[in-house]
Amino acid sequence: MSLGHILNDRKMKETKEELFYCKYNEIGTPLYYFDFEPNTCFSLFETSFICDDTELFFERAVNYARNSVIEDYPFDKKHFFELLELDSELYIYFQPKDTHDFIPARYLQNGILNEKLFKTELHFIKKLQRGGKFASEEIASQMLGNLMNAVGKETFEKLFCMLIPIHKLAFFTTIFEVLAKNETLYISDFVTDEFFSCTIGIYELYFYKDEKDVYSCWLKEGEVS
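No gaps in the numbering here: position 122 of the sequence shown is 122 in our numbering, and each next residue is one more.
Read the hints as simulated data drawn from the structure, not as lab findings. Hints may contain errors.
[Stated by the list, open to error] Quick list of the computed label-pair ranges, beta carbon to beta carbon:
id : residue 1 : residue 2 : range
1  : T173      : I92       : 43 to 53 Å
2  : P74       : E138      : 44 to 54 Å
3  : K168      : T199      : 11 to 21 Å
4  : T173      : L31       : 38 to 48 Å
5  : E154      : I202      : 20 to 30 Å
6  : K153      : V191      : 11 to 21 Å
7  : K119      : T192      : 26 to 36 Å
8  : Y24       : I202      : 32 to 42 Å
9  : D210      : T120      : 20 to 30 Å
10 : M162      : E82       : 32 to 42 Å
11 : I92       : K126      : 22 to 32 Å
In this text, a Cβ means the ideal position worked out from N, Cα and C, and glycines have one as well.
Let the sequences and hints guide you as you build the complete structure.
Written out as structure tokens, the structure reads:
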């Protein structure tokens, strides 16, 4: 039986609604948010906008929770959150700041987490990573462009994969049919030579960075081989 199925036992069903953790800084601004559900196998990567490598900094807490299921010993929620707090302190104060995967400002309003936007886009991102298909590629492209501008290229690459620089001609050849549908967009509008691509799930992503350092994204379903 897989760990994902094991986590659906009665013990976890009784506590899953309360298994969330939000870490705040000294002035009360949320830094990161973990929402543990049975089918996530206690994966922090699944429950927040963090790189999968960041989970290593929370190894004690995550391993305790996983082992309580695998080895079938009582799960102490209080102890679990104590470990999370200890791991958080070590992560925040003893790891270089450039390794921190804090909640992007896009999801904060006056220092308060916009939980609806946060969870909606997190669900969208996880669906994309798992090879899900979207009803509207246009809306998906807008959301990814917004995310790229909010977190920056480096963080975006940590979350997904490296963006590969491509030639302007390759960019236009690939998304010409997309541009042709947009009557307000012209080839002459593209005034820089910063074009990138990457593959996520079933989609090819194409980014353009304009002279104001603003990214636009075009989502295109990959060709069936």
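Hints versus structure:
no.	hint	in the structure
1	T173 to I92: 43 to 53 Å	holds, 46 Å
2	P74 to E138: 44 to 54 Å	holds, 50 Å
3	K168 to T199: 11 to 21 Å	holds, 20 Å
4	T173 to L31: 38 to 48 Å	holds, 43 Å
5	E154 to I202: 20 to 30 Å	holds, 25 Å
6	K153 to V191: 11 to 21 Å	holds, 19 Å
7	K119 to T192: 26 to 36 Å	holds, 35 Å
8	Y24 to I202: 32 to 42 Å	holds, 37 Å
9	D210 to T120: 20 to 30 Å	holds, 27 Å
10	M162 to E82: 32 to 42 Å	holds, 37 Å
11	I92 to K126: 22 to 32 Å	holds, 25 Å
Hint violations for this structure: none, all hints satisfied.
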